[in-house]
Amino acid sequence: MAAITRVNISLFVPCFVDQLFPRAAISTVQVLERLGHRVEFPCAQTCCGQPAFNSGHWDEARAVATRFLDIFAGADAIVCPSGSCTAMVRRFYAELFHDTPDAKAAAEIASKTFELVEFLVRKLGAINLDASFKGKVVWHDACHGLRELHLKEEPRRLLRAVRGLELLEMKECETCCGFGGTFSVKFPHISSAMDEVKVASIEECGAEYVTSGDSSCLMQISGLLEKRRSRIKAVHIAEILASRESPAF
Amino acid sequence: MNARSNILHRIRTALRQPAPRPEIPPGRTVFPTISNPNLLAHFERELLALRAGFHCAPNWQDARTWCRLITDQHELRRIAATPDADVLDACQSVPIQTLRRNEDCGPKLADIDLSVTTCDCLVALTGSIVLTARSGFGRALSVLPPAHLVVARRSQLLPDFTEAFQLLYARYGKSWPSMLTIITGPSRTSDIEKILVLGAHGPRKLFVLLLDF
Amino acid sequence: MSFADQFIQDSEKKASDLRHRAVLQKAITTYATKVADVKTHFLDWNHGRKLARIRKWEAINHLDQHLEEFERNARSRGAIIHWAEDGAQALEIILGLCRNHGVRKVVKSKSMVTEEIHLNEFLEKHGIASVESDLGEYIVQLRHEKPYHIVTPVMHLTKEEIDLTFHQQLGTPTGSTAEDLAQTARNVLRNEYLTADMGITGANFIVAETGMISITENEGNARLCSSLPRIHVAISGIEKVLPKLDDLALFLPMLAVSGTGQQLTCYNTMIGGPRQADEMDGPDEFHIILLDNGRTRLLMDPEQREALHCIRCGACLNVCPIFKNVGGHAYGTTYQGPIGAVITPHLRGLADWKHLSDASSLCGACSEVCPVHIDLHHHLLRNRRNSVRAGFSGWFERLSFQLWAMLMQSDEAYRIGALLLRVGQKLSSAIGLEGTLFDPLQHWSKTRAFPKFPEQMFRDWWNKRK
Numbered sequence: 046m047a048a049i050t051r052v053n054i055s056l057f058v059p060c061f062v063d064q065l066f067p068r069a070a071i072s073t074v075q076v077l078e079r080l081g082h083r084v085e086f087p088c089a090q091t092c093c094g095q096p097a098f099n100s101g102h103w104d105e106a107r108a109v110a111t112r113f114l115d116i117f118a119g120a121d122a123i124v125c126p127s128g129s130c131t132a133m134v135r136r137f138y139a140e141l142f143h144d145t146p147d148a149k150a151a152a153e154i155a156s157k158t159f160e161l162v163e164f165l166v167r168k169l170g171a172i173n174l175d176a177s178f179k180g181k182v183v184w185h186d187a188c189h190g191l192r193e194l195h196l197k198e199e200p201r202r203l204l205r206a207v208r209g210l211e212l213l214e215m216k217e218c219e220t221c222c223g224f225g226g227t228f229s230v231k232f233p234h235i236s237s238a239m240d241e242v243k244v245a246s247i248e249e250c251g252a253e254y255v256t257s258g259d260s261s262c263l264m265q266i267s268g269l270l271e272k273r274r275s276r277i278k279a280v281h282i283a284e285i286l287a288s289r290e291s292p293a294f
Numbered sequence: 003m004n005a006r007s008n009i010l011h012r013i014r015t016a017l018r019q020p021a022p023r024p025e026i027p028p029g030r031t032v033f034p035t036i037s038n039p040n041l042l043a044h045f046e047r048e049l050l051a052l053r054a055g056f057h058c059a060p061n062w063q064d065a066r067t068w069c070r071l072i073t074d075q076h077e078l079r080r081i082a083a084t085p086d087a088d089v090l091d092a093c094q095s096v097p098i099q100t101l102r103r104n105e106d107c108g109p110k111l112a113d114i115d116l117s118v119t120t121c122d123c124l125v126a127l128t129g130s131i132v133l134t135a136r137s138g139f140g141r142a143l144s145v146l147p148p149a150h151l152v153v154a155r156r157s158q159l160l161p162d163f164t165e166a167f168q169l170l171y172a173r174y175g176k177s178w179p180s181m182l183t184i185i186t187g188p189s190r191t192s193d194i195e196k197i198l199v200l201g202a203h204g205p206r207k208l209f210v211l212l213l214d215f
Numbered sequence: 008m009s010f011a012d013q014f015i016q017d018s019e020k021k022a023s024d025l026r027h028r029a030v031l032q033k034a035i036t037t038y039a040t041k042v043a044d045v046k047t048h049f050l051d052w053n054h055g056r057k058l059a060r061i062r063k064w065e066a067i068n069h070l071d072q073h074l075e076e077f078e079r080n081a082r083s084r085g086a087i088i089h090w091a092e093d094g095a096q097a098l099e100i101i102l103g104l105c106r107n108h109g110v111r112k113v114v115k116s117k118s119m120v121t122e123e124i125h126l127n128e129f130l131e132k133h134g135i136a137s138v139e140s141d142l143g144e145y146i147v148q149l150r151h152e153k154p155y156h157i158v159t160p161v162m163h164l165t166k167e168e169i170d171l172t173f174h175q176q177l178g179t180p181t182g183s184t185a186e187d188l189a190q191t192a193r194n195v196l197r198n199e200y201l202t203a204d205m206g207i208t209g210a211n212f213i214v215a216e217t218g219m220i221s222i223t224e225n226e227g228n229a230r231l232c233s234s235l236p237r238i239h240v241a242i243s244g245i246e247k248v249l250p251k252l253d254d255l256a257l258f259l260p261m262l263a264v265s266g267t268g269q270q271l272t273c274y275n276t277m278i279g280g281p282r283q284a285d286e287m288d289g290p291d292e293f294h295i296i297l298l299d300n301g302r303t304r305l306l307m308d309p310e311q312r313e314a315l316h317c318i319r320c321g322a323c324l325n326v327c328p329i330f331k332n333v334g335g336h337a338y339g340t341t342y343q344g345p346i347g348a349v350i351t352p353h354l355r356g357l358a359d360w361k362h363l364s365d366a367s368s369l370c371g372a373c374s375e376v377c378p379v380h381i382d383l384h385h386h387l388l389r390n391r392r393n394s395v396r397a398g399f400s401g402w403f404e405r406l407s408f409q410l411w412a413m414l415m416q417s418d419e420a421y422r423i424g425a426l427l428l429r430v431g432q433k434l435s436s437a438i439g440l441e442g443t444l445f446d447p448l449q450h451w452s453k454t455r456a457f458p459k460f461p462e463q464m465f466r467d468w469w470n471k472r473k
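Going down the list, the protein sequences come from chains P, L and F.
Just so you know, we're using the numbering used here here: the first sequence kicks off at 46 and counts up by one.
Just so you know, we're using the numbering used here here: the second sequence kicks off at 3 and counts up by one.
Just so you know, we're using the numbering used here here: the third sequence kicks off at 8 and counts up by one.
None of these hints come from the bench; they were simulated from the model.
Be aware that one or more of the hints could be misleading.
Okay, derived cross-link-like pairs now, EDC-like style, lysine to aspartate or glutamate, Cα gap no bigger than 20 Å in a straight line [claimed, not checked]: (1) F:33 to P:219; (2) L:176 to F:462; (3) P:197 to P:219; (4) F:153 to L:195.
All chains should be modelled from the sequences, with the hints used to inform the complete structure.
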């Protein structure tokens, strides 16, 4: 695929990754830099606007998203360790900015925004990242990554190339974990029921780790795993790909 | 202003705002093509998978013998047959009541075990039988009795529904019967815990006798 | 109680009912296996979806022309067409027909439109018996319940529960097999077909080119309802239009595959008029009622108009993780699942029914399986947007997002916000708020652990390493 030309990458770190799961973003930096690319983090960034957008508050979402467009205006490539936030920019900014003066800018930004896994596999052709992670790992197909970005084989290819990692499959791999943003607290009983189905599926397949491209899903899943005092750990795929030795998880 | 004009008015008002026509990539087919040599085998396979009975007869004697066999085997004693040449010929070895065109056969239908009819065509793709209120001799005959036997010719076997509808247009386009039906297997239900039960309201037993001569 | 509160109450009960979850899981897994298998018979299923979408676009975006064409063609063969703006008008039409023809008993086949207008209750009120002939609907009627699912009315019941219902209502012995139960229903209903004065059916499609209705079924009861009684009334939503008869060559398989995992259902019957002079049997009169009941409201919205393309297959219900956990009754309305959540605000009012669009994680599985390629989950999103624009969202939520937007537009404010959250979590922990009524995260932490904010945010790590 692509030769290793150095890419200037602007890192887009979702607000809750910045706040709650910084290791996913740190690992993303490590993975990209090890491949020889230059990573910069526009510090002024805050959020892509998805929470307000998904709840129907599009004016507020647009105000925040406009700022996003300004911050990333000069970027060559924008890479994000989250399928749902990437999908927001790539798929939904078009609708959010439809018939507004920023429509063109939104289209431009959308065309150069990529989720981490898709960037690695589809843009860089980088499958083997010289990573090593010992354990039985199952991949959770997060909804936006799967259905908006069409990621299915790509994460599995990356995981299979990790030394010491045994990749398992689970029955309900494509079933939603129940997070869905504010849905998880507006309808907690339904969200938890969906979580239970997902966790049961993970347990059934015999995995030691569950991984995904979305920290939000992992938060939902690990929230229940912890409540149940399960030994199964949730870890973002970036952390696995950045791992060089047996992790002390 | 009445309901009709109100509704049409609302529709026309709404449609003044267009919704964009979706795109579609050209040059793809949805259903597989079944070549001529494979038609019969395909039809038979599909029909049997539906748990219907099938027999391909090379001559009249064989056809009649088979009819005798299944009516005996399944204890189908009271048989109503349509006044079609092929039906009457096939049923020669079997005691039947021939239905008559200008007679109300309604009361008879409740008591019979088997109805025998022709059809308009057979469709190989899905193992289906197409008939109408004309070829099926009414609406109830092919659905009320607990068993139904269709006598068809090899030439009536078509690959798919595009051709089946073309045949129907050609045959009935100027004057459609009041009912057309596509029969795909015996009546069934899975309403109870997804357990398959045959013969819900329509025939539990369905047979196709194909005259291959 | 508002519909939203009722939904929360009912869905809460069902979401924790593990037995209910297991019954649904089993039914849907059986269905899913059949569907996956039958799709292998197609050369290009996805192309079929795109074609189906185009044909429905054609039908809906020229709806007035096709409906007039349908009316003309149906009339030419003796069908009598009625138009009903709402359920009340449709019911009056049916009552009028019953009165004019001395109808004492109606036998009907499965029709969601008849559920929509509450036909059975209305007929009973006017002293006309109405018997459901579809096995699932018959069971629902015996239990005095509503259908659970638009295609599979008793998906939520085990054989044992149905067995008990038959025993209680019909006096059959307990311990019957599914076969016995179906046979009992067959025997009981046979008599009803033969003695009913009127048959009422719905229509899966109405074909403009030939003025015919098309009915898809497996049991044969719809065929009997439209053959034996002397009057046949078919009621259909105006959106069921297909332009041409041979559109059915695509739509009948799409419906069967998505609805029940079959290549085709047992009977697909096109009816174009009452009995003709040279035909052996059939009703003397055939009436078709074309029902609006809010569909033109949906038509008015060019963005969401494609929701009218729905062929009522139920595939979106079967794949929806919300439906699989709360079941059909919790929705509290005729059309359940994702399609129900999309269209009910248009049919019955946005203020009252927006909560169904909120009760979704927007996973998109519904859009993926829809045989006519409706962008269902994106329509749920738009319902949410429309609801906010119309002023139906609560003040607290509005305020919260306004505050959030302010915070997010300044990285200093964002930092302060982040700090406050950290402090808040530490405080809450110190005071021991977690799990109590005052826990701000109670909706989360009741069932799931919430992570501790790490000491360092990513941006701090980034700034330090520079």
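Tested hints:
Between residue 33 (chain F) and residue 219 (chain P) the alpha-carbon distance is near 18 Å, which keeps this suggested pair within the 20 Å criterion. Note on residue 176 (chain L) and residue 462 (chain F): the hinted pairing is violated, with a Cα-Cα distance of about 81 Å set against a maximum of 20 Å. Between residue 197 (chain P) and residue 219 (chain P) the alpha-carbon distance is near 10 Å, which keeps this suggested pair within the 20 Å criterion. Simply put, residue 153 (chain F) and residue 195 (chain L) have alpha-carbon atoms about 17 Å apart, close enough for the 20 Å limit, and the pair holds.
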